[in-house]
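Colleague: Chains as they are written, first to last, in our numbering: chain A, 59 to 467; chain B, 59 to 467.
Hints are computed from structural coordinates only; laboratory data are not their basis. By construction, the Cβ of each residue, glycine as well, lies at the ideal position given by its N, Cα and C atoms. Worth double-checking, as some hints may not be accurate.
With beta-carbon atoms standing in for the labels, derived distance ranges [said to hold, decoys possible]:
(1) B/Ser150 / A/Gly424: 50 to 58 Å
(2) A/Val455 / B/Pro393: 29 to 37 Å
(3) B/Gly422 / A/Val220: 13 to 21 Å
(4) A/Glu223 / B/Gly218: 23 to 31 Å
(5) B/Gly422 / A/Ala224: 31 to 39 Å
(6) A/Ala460 / B/Pro410: 48 to 56 Å
(7) A/Arg216 / B/Gly422: 39 to 47 Å
(8) A/His313 / B/Pro393: 40 to 48 Å
(9) A/Gly424 / B/Glu305: 42 to 50 Å
(10) A/Asp96 / B/Glu305: 20 to 28 Å
These stretches of chain A come out as covered by chain B in the derived footprint (C-beta under 8 Å, 3 or more residues) [stated by the list, open to error]:
(11) 160-168
(12) 366-379
Protein chains: 2
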Amino acid sequence: MTRDPADERRTVEEHAAIVARMLEPLTEQPATESVPLDHALGRVTAAEVRSEVDLPLFRNSQMDGYAVRAADVRSAPVALEVSGDIPAGHASPVSLIPGTALRIMTGAPVPTGADAIVPVEDTELVLGRDDDLSGAVVEIRRPRKRGEYVRERGSDLRRGEVLVEAGTRLAPRHLAALAAAGVETVTVRARLRVGILTSGTELVTGSTPAFGQVYDANGIALAALVEEAGATVSMRASSSDDPAAFERILDDALHSSDLVITSGGISRGAYEVVREVLHPHGADVTTVAMQPGGPQATAVIGGVPVFAFPGNPVSTQVSFTVFLRGPLRAAAGLPAVQPMEATLTHRVVSVPGRRQFLRGRLDGDGGVAPASGPSSHLVAGMAQADVLIDIPTDTEVLDEGAAVTVWTL
Amino acid sequence: MTRDPADERRTVEEHAAIVARMLEPLTEQPATESVPLDHALGRVTAAEVRSEVDLPLFRNSQMDGYAVRAADVRSAPVALEVSGDIPAGHASPVSLIPGTALRIMTGAPVPTGADAIVPVEDTELVLGRDDDLSGAVVEIRRPRKRGEYVRERGSDLRRGEVLVEAGTRLAPRHLAALAAAGVETVTVRARLRVGILTSGTELVTGSTPAFGQVYDANGIALAALVEEAGATVSMRASSSDDPAAFERILDDALHSSDLVITSGGISRGAYEVVREVLHPHGADVTTVAMQPGGPQATAVIGGVPVFAFPGNPVSTQVSFTVFLRGPLRAAAGLPAVQPMEATLTHRVVSVPGRRQFLRGRLDGDGGVAPASGPSSHLVAGMAQADVLIDIPTDTEVLDEGAAVTVWTL
Numbered sequence: 059m060t061r062d063p064a065d066e067r068r069t070v071e072e073h074a075a076i077v078a079r080m081l082e083p084l085t086e087q088p089a090t091e092s093v094p095l096d097h098a099l100g101r102v103t104a105a106e107v108r109s110e111v112d113l114p115l116f117r118n119s120q121m122d123g124y125a126v127r128a129a130d131v132r133s134a135p136v137a138l139e140v141s142g143d144i145p146a147g148h149a150s151p152v153s154l155i156p157g158t159a160l161r162i163m164t165g166a167p168v169p170t171g172a173d174a175i176v177p178v179e180d181t182e183l184v185l186g187r188d189d190d191l192s193g194a195v196v197e198i199r200r201p202r203k204r205g206e207y208v209r210e211r212g213s214d215l216r217r218g219e220v221l222v223e224a225g226t227r228l229a230p231r232h233l234a235a236l237a238a239a240g241v242e243t244v245t246v247r248a249r250l251r252v253g254i255l256t257s258g259t260e261l262v263t264g265s266t267p268a269f270g271q272v273y274d275a276n277g278i279a280l281a282a283l284v285e286e287a288g289a290t291v292s293m294r295a296s297s298s299d300d301p302a303a304f305e306r307i308l309d310d311a312l313h314s315s316d317l318v319i320t321s322g323g324i325s326r327g328a329y330e331v332v333r334e335v336l337h338p339h340g341a342d343v344t345t346v347a348m349q350p351g352g353p354q355a356t357a358v359i360g361g362v363p364v365f366a367f368p369g370n371p372v373s374t375q376v377s378f379t380v381f382l383r384g385p386l387r388a389a390a391g392l393p394a395v396q397p398m399e400a401t402l403t404h405r406v407v408s409v410p411g412r413r414q415f416l417r418g419r420l421d422g423d424g425g426v427a428p429a430s431g432p433s434s435h436l437v438a439g440m441a442q443a444d445v446l447i448d449i450p451t452d453t454e455v456l457d458e459g460a461a462v463t464v465w466t467l
Numbered sequence: 059m060t061r062d063p064a065d066e067r068r069t070v071e072e073h074a075a076i077v078a079r080m081l082e083p084l085t086e087q088p089a090t091e092s093v094p095l096d097h098a099l100g101r102v103t104a105a106e107v108r109s110e111v112d113l114p115l116f117r118n119s120q121m122d123g124y125a126v127r128a129a130d131v132r133s134a135p136v137a138l139e140v141s142g143d144i145p146a147g148h149a150s151p152v153s154l155i156p157g158t159a160l161r162i163m164t165g166a167p168v169p170t171g172a173d174a175i176v177p178v179e180d181t182e183l184v185l186g187r188d189d190d191l192s193g194a195v196v197e198i199r200r201p202r203k204r205g206e207y208v209r210e211r212g213s214d215l216r217r218g219e220v221l222v223e224a225g226t227r228l229a230p231r232h233l234a235a236l237a238a239a240g241v242e243t244v245t246v247r248a249r250l251r252v253g254i255l256t257s258g259t260e261l262v263t264g265s266t267p268a269f270g271q272v273y274d275a276n277g278i279a280l281a282a283l284v285e286e287a288g289a290t291v292s293m294r295a296s297s298s299d300d301p302a303a304f305e306r307i308l309d310d311a312l313h314s315s316d317l318v319i320t321s322g323g324i325s326r327g328a329y330e331v332v333r334e335v336l337h338p339h340g341a342d343v344t345t346v347a348m349q350p351g352g353p354q355a356t357a358v359i360g361g362v363p364v365f366a367f368p369g370n371p372v373s374t375q376v377s378f379t380v381f382l383r384g385p386l387r388a389a390a391g392l393p394a395v396q397p398m399e400a401t402l403t404h405r406v407v408s409v410p411g412r413r414q415f416l417r418g419r420l421d422g423d424g425g426v427a428p429a430s431g432p433s434s435h436l437v438a439g440m441a442q443a444d445v446l447i448d449i450p451t452d453t454e455v456l457d458e459g460a461a462v463t464v465w466t467l
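Based on the sequences and whatever the hints tell you, model everything.
Modeller: Printed below as a string of structure tokens:
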């Protein structure tokens, strides 16, 4: 068994920088797509959206009540003839005869000549009925000033003004504003298409493992991590340790994806299929000074970046979280996950020379405890964690009460 | 125009309690459904999931290297005959001949009789080749203790132990653990099915508004709010102010939904279609001492709760946020949105007797400023907000620097 020529351990920061640089073409100039408003919740706008209309579209009433000339109700109470009725959705412009009132509903266009709305609460029909306004007379009980309860056209937003800024993650209130302005589709950042390949003759999915086999946990974990990071899974497949089989699914993945993630097959063993297949493509196979997740490889094949993570389930998930979550979230326009400070509630030991990412559980009170052992096969243990505890490279022991950086999972 | 007999204003807390009580049958005993793991990301488990298997499934190697008896490598360096090879996924149990070593890959079953793994880094083949182990001899350079680099069966989780607790929002790490244990489907809380009906002859969708008409912003806003709160939209429709038309879509919604939300048509005007249709069903039509969102109605029709919100776009969104977001999130098993404290960066005036929910924008530094005016038609203004500023009922003025409660939108 020969040693890798490039056997110096790379730091996490160095490898993260390499990964980020490989993704630069995808993150610096993200692709865009146009989606109907109904499918735009949570998507991130690729450009600002300016309104093509004034909002409100027309001068309208803020209240159910009566449209009047303020001059006619200066000395309330005063009785005015009701010269008509303007329901919301009324189809043609109406004029107010001076000295009269027009009944008006909230949102209905304010008639020409009217300059104030008297809310129905401040009125009483002294002649006529709600359902028959012919010959009706309304008593206006309170004087109103010009403009009261009138929503001027464009008072919310003028045509040409920005409805939604570029880079906005679309929430319900943004969709409401876009819909109100008649916008039907919006240009958003396209989701990066990620191919996910797990390798290992020992992996089974959908059947009961024979002796020596295990269920594939990495395919679903990576798929879910990719989705959480705002990308989409273009393809997901598993192969044995047979290079021809792996090459086949890799080829499919390269054709359908913006980037490809693999798990397994890159350490120093004898059946390292991913390493073997990536090698002729000039793969950068390295060991990062971290635990779990040390063995890492990257390649660019036909312009498509490939990230090869080690196959232990915890290593795979930690590798994604440390190296890909940030760039993928950035590409999707999602905010970065910020590190937090916490206090160790238990003493931990670490391996000097490796930055260790322990699985930890916050206690809701600023404290964090390891959620399981450090070993990278503890997939059930990792399910108990909610953070990674970031133990610096040159640490052997951290005592209870020590301050640590934690990363939300 | 007659006054409503129950015209006393209800407080926000009182109305919220009524809404919560109406939803109790749905929130206290939430329906469940079984979903495949691939569709379970973000869903909330309805029951704990216990493992039917030990994890790991079998005793296996933590490293690529050689399986040995610790007793045989007590005084390293020592040369051992390589008596065979165990790749990962190897299909039948193997025994170790005492005094020899078996090459083993990470994850492969540890042979009977072996009790330690020597990592490949600590070995050298002194006879034979990696690709031809016949007659090979390996030099073990470091002694190993019993159990080193051996992952015992069940050392992660034992059969019958809890994999995922009830009420867990399924993240990638949970899906990985479930998959590793061979779980294929998981029982989660069913999403509440919500029917959304917007009313108003003035509303148009998908065509250009004629004079006096406006685009419907409430349908999409409510649909998005419902989805964000962990429920699903069973039906979305819009009707004119014609009672027969509204009754028709209401009937459809009642048949396909766990609850129904309507917007518009419940104030004191002359064409209040929702109010008119709900009235014979014993609707509770009320005015809540809040702004926006004062006019509110509720009904239970054929066992289905109906919540009627006022139709101004800001009123609709604020009503949902104040009254339905909490109960729907609780029903979905999502954490409550917690109020935060912020400092006003501008003076605000309010209407005594009404709790006001101003649209506000956080400045990232603990400060909050109103994002638009208080009027409930400012749908574009609301898109600029990220919080509601909660101005207490009996407040007329709050000066710059005052502490306020804000609710994240």
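Colleague: It remains to establish, for every hint, whether it holds in the given structure.
Modeller: Consistency of the hints with the structure:
1. B/Ser150 / A/Gly424: 50 to 58 Å: 52 Å, holds
2. A/Val455 / B/Pro393: 29 to 37 Å: Since A/Val455 and B/Pro393 have Cβ atoms about 35 Å apart, the given range 29 to 37 Å holds.
3. B/Gly422 / A/Val220: 13 to 21 Å: Holds: the Cβ-Cβ distance is about 20 Å, inside 13 to 21 Å.
4. A/Glu223 / B/Gly218: 23 to 31 Å: Check failed, 53 Å falls outside 23 to 31 Å.
5. B/Gly422 / A/Ala224: 31 to 39 Å: At roughly 19 Å between Cβ atoms, A/Ala224 and B/Gly422 fall outside 31 to 39 Å, so the hint is violated.
6. A/Ala460 / B/Pro410: 48 to 56 Å: Check passed, 53 Å falls within 48 to 56 Å.
7. A/Arg216 / B/Gly422: 39 to 47 Å: At roughly 28 Å between Cβ atoms, B/Gly422 and A/Arg216 fall outside 39 to 47 Å, so the hint is violated.
8. A/His313 / B/Pro393: 40 to 48 Å: 41 Å, holds
9. A/Gly424 / B/Glu305: 42 to 50 Å: 56 Å, violated
10. A/Asp96 / B/Glu305: 20 to 28 Å: The hinted range 20 to 28 Å holds for A/Asp96 and B/Glu305, with Cβ atoms some 26 Å apart.
11. 160-168: holds (count 6)
12. 366-379: Per the Cβ count (4), the hint holds.
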